[in-house]
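Take a look at the letters that make up each chain.
2 protein chains.
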Amino acid sequence: MGTKRDFATPSEFRLACRKGRFQEQTSGICPGFVQANVMALPKALAFDFMLFCSRNPEACPLIEVTDPGNPTPPTLAKSADLRKDVSMYRVYVDGQLNLSTVLDAETYWRPDLVTFLLGCSFSFEDALAAAGIPVRHIEEGVNVPMYITNRQCKPSGPFKGPLVVSMRPMTSAQALQAVKVTSRHRLSHGAPVHLGNPAEIGIKNIDEPDFGDKVTIKEGEIPVFWACGVTTQLALMNANPELAITHAPGHMFISDVTSEELCLR
Amino acid sequence: MGTKRDFATPSEFRLACRKGRFQEQTSGICPGFVQANVMALPKALAFDFMLFCSRNPEACPLIEVTDPGNPTPPTLAKSADLRKDVSMYRVYVDGQLNLSTVLDAETYWRPDLVTFLLGCSFSFEDALAAAGIPVRHIEEGVNVPMYITNRQCKPSGPFKGPLVVSMRPMTSAQALQAVKVTSRHRLSHGAPVHLGNPAEIGIKNIDEPDFGDKVTIKEGEIPVFWACGVTTQLALMNANPELAITHAPGHMFISDVTSEELCLR
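Same order as they appear, the protein sequences are chains A and B. With this note's numbering applied, the first sequence covers 1 to 265. With this note's numbering applied, the second sequence covers 1 to 265.
To be clear, the hints were calculated from the coordinates, so they are not data collected in a lab. Among the hints, a few may not be true.
Repeated chains share a single entry, so a pair holds when one copy, or any two copies, can fit it.
Claimed, not checked - Think about it this way: if two alpha-carbon atoms lie no more than 27 Å apart in a straight line, the pair counts; the simulated DSS-like pairs of lysine-lysine are:
{"no.": "1", "residue 1": "Lys84", "residue 2": "Lys154"}
{"no.": "2", "residue 1": "Lys43", "residue 2": "Lys154"}
{"no.": "3", "residue 1": "Lys160", "residue 2": "Lys43"}
{"no.": "4", "residue 1": "Lys218", "residue 2": "Lys180"}
{"no.": "5", "residue 1": "Lys180", "residue 2": "Lys43"}
{"no.": "6", "residue 1": "Lys19", "residue 2": "Lys84"}
{"no.": "7", "residue 1": "Lys43", "residue 2": "Lys78"}
{"no.": "8", "residue 1": "Lys84", "residue 2": "Lys4"}
{"no.": "9", "residue 1": "Lys214", "residue 2": "Lys4"}
{"no.": "10", "residue 1": "Lys78", "residue 2": "Lys218"}
{"no.": "11", "residue 1": "Lys214", "residue 2": "Lys204"}
{"no.": "12", "residue 1": "Lys218", "residue 2": "Lys204"}
{"no.": "13", "residue 1": "Lys78", "residue 2": "Lys160"}
{"no.": "14", "residue 1": "Lys4", "residue 2": "Lys78"}
{"no.": "15", "residue 1": "Lys19", "residue 2": "Lys4"}
{"no.": "16", "residue 1": "Lys214", "residue 2": "Lys180"}
{"no.": "17", "residue 1": "Lys154", "residue 2": "Lys78"}
{"no.": "18", "residue 1": "Lys204", "residue 2": "Lys154"}
{"no.": "19", "residue 1": "Lys204", "residue 2": "Lys43"}
Whenever a hint applies, use it, and build me the whole structure from the sequences.
Structure below.
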């Protein structure tokens, strides 16, 4: 699409987002660095949401939480501004998606917002590729396909809803390797939650993802599914908060921390 | 000391606590099962405390959090009552240790109490022993020695304070093995935080622990230090909550989950 997708550092990438020069999804950007889901909520709901994350660690691996009103994640990126450094935001009002393509969330910010940063499977795609495992959506230049499953998360207060998964197709042999590679990346969703028959987790049509884009599944490949942070956005809509600011699915925050460093936390 | 220390199951152990028949520390009890720190706090403080745990995961590995008022930990032990099933409790009022040897906490319970269960290094002592590593305090029939260090935890709201560590003496070769064994046990404090010279972490006299008992350090052995859940009790005293109920140091809650199962969470 012509947009620059090579950045020397995560901070250069974040500056491009801040200036509105980069508005795309982030799979394949700054390989080897941690990408994160962003969820800013009023402090009154913060405990219930944090407990939801704690009870559903595969879908909601908690990397960092800011103090109320503070837009900087202290260990992930000291120079970052979480109100501006994501390529595209969503704003929810009274639990409904109010604005889906916000480039700068500063207008909507409040001093009582607590921001949660949750791990993302984009963080281990570099490690998958290094192990010779295909990452089809990067090969095809699209967003990862994401699906709503029939598995329910454990609820916490008003937060409840189904597990959402991302999918990468590969051979069975590659899937075994992928389990080994990604088990280490616990804070980026870790090992897959399912592989093989999509119907077993309630996915009716693998060619019609609920979020992101369809990718090619080649002859001899099976779909492999990882828990996905978009799970939190469905739980959010059930909780009806008066305000929530999140990244748009696939448009992740990119930190200064490497995925290898995150494996050691 | 004559008290029965062999129990067929954790639930048999918990029943003995509930009936006041077991009032001792729990190192070596129900080997292979997860032991946990207990911290019950009013819900108004729950988010700040949970954030303290999230920011200090080595000292405060969060295994499970109950809903307000609910005395049962849903995944750790469905039959348990956290108000009664610990061998000895402490009750803090206005941040001060008010009662240090409470056998049944039901009298002090409130419907707004949220109970946090944090991992404990007692959970991996069975794995250490299986790897041929001495667990001196079990050999000597005493509580593990615990020390206040000069390392400060990352604060959250009113919760702040120094890191507390537990110590086990062993040879350098055994220490290397111990790092390998315990790294897997992330939710039981994981790998050591220090080994060797106690002064480097602010411990003046290894023979005078701040909590628990002194143990013998043999010729050729070095002290090896793990982060300890007692860290939370010092943070608690700084936070001055109107009420908090915890286990007494070393008197842990014992769950129905094995340490191996916890490694897979």
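Tested hints:
1. Only between protomers do lysine 84 and lysine 154 lie at most 27 Å apart by alpha-carbon distance; the minimum there is 26 Å, versus 32 Å within a single protomer.
2. Taking the shortest Cα distances, lysine 43 and lysine 154 sit within 27 Å of each other both inside one copy (21 Å) and across copies (19 Å).
3. In the homo-oligomer, the alpha carbons of lysine 160 and lysine 43 lie at most 27 Å apart both inside one protomer (18 Å) and across protomers (20 Å), since each shortest distance falls under that limit.
4. In this homomeric assembly, lysine 218 and lysine 180 come within 27 Å of each other (Cα to Cα) only inside a single copy, at 22 Å, whereas the closest approach across copies is 40 Å.
5. For the identical chains of this complex, lysine 180 and lysine 43 are neighbours neither inside a copy (38 Å) nor across copies (39 Å), given an alpha-carbon limit of 27 Å.
6. Proximity of lysine 19 to lysine 84 under the C-alpha cut-off of 27 Å is restricted to the intra-copy arrangement: shortest distance 8 Å within a copy versus 58 Å between copies.
7. Taking the closest pair of Cα atoms, lysine 43 and lysine 78 come within 27 Å of each other only inside a single copy of the chain (22 Å); across copies the shortest separation is 31 Å, beyond that limit.
8. In this assembly of identical chains, lysine 84 and lysine 4 lie within 27 Å of each other by CA distance solely inside one copy; the values are 18 Å within and 61 Å between copies.
9. Taking the shortest Cα distances, lysine 214 and lysine 4 sit within 27 Å of each other inside one copy (23 Å), while across copies they are farther apart (62 Å).
10. In this assembly of identical chains, lysine 78 and lysine 218 lie within 27 Å of each other by CA distance neither inside one copy nor across copies; the values are 42 Å within and 45 Å between.
11. For a Cα distance limit of 27 Å, the shortest separation of lysine 214 from lysine 204 inside one copy, 14 Å, qualifies, whereas the shortest one across copies, 62 Å, does not.
12. For the homomeric pair lysine 218 and lysine 204, the shortest alpha-carbon distance inside one copy (19 Å) is at most 27 Å, but the shortest distance between copies (65 Å) is not.
13. In the homo-oligomer, the alpha carbons of lysine 78 and lysine 160 lie at most 27 Å apart only across protomers (21 Å), although the nearest pairing inside one protomer, at 32 Å, exceeds that limit.
14. Within a single copy, lysine 4 and lysine 78 get their C-alpha atoms as close as 24 Å, which meets the 27 Å cut-off; across copies the closest is 54 Å, which misses it.
15. Only within a single protomer do lysine 19 and lysine 4 lie at most 27 Å apart by alpha-carbon distance; the minimum there is 13 Å, versus 69 Å between protomers.
16. Proximity of lysine 214 and lysine 180 under a CA criterion of 27 Å is satisfied intra-copy only: 26 Å inside one chain copy versus 42 Å between copies.
17. Proximity of lysine 154 to lysine 78 under the C-alpha cut-off of 27 Å is restricted to the inter-copy arrangement: shortest distance 15 Å between copies versus 33 Å within a copy.
18. With identical chains, the CA atoms of lysine 204 and lysine 154 are at most 27 Å apart within one copy only, with a shortest distance of 23 Å there and 46 Å across copies.
19. Taking the closest pair of Cα atoms, lysine 204 and lysine 43 never come within 27 Å of each other, the shortest separation being 38 Å inside a single copy and 41 Å across copies.
Checked against the numbered hints above, the structure violates hints 5, 10 and 19; every other hint is satisfied.
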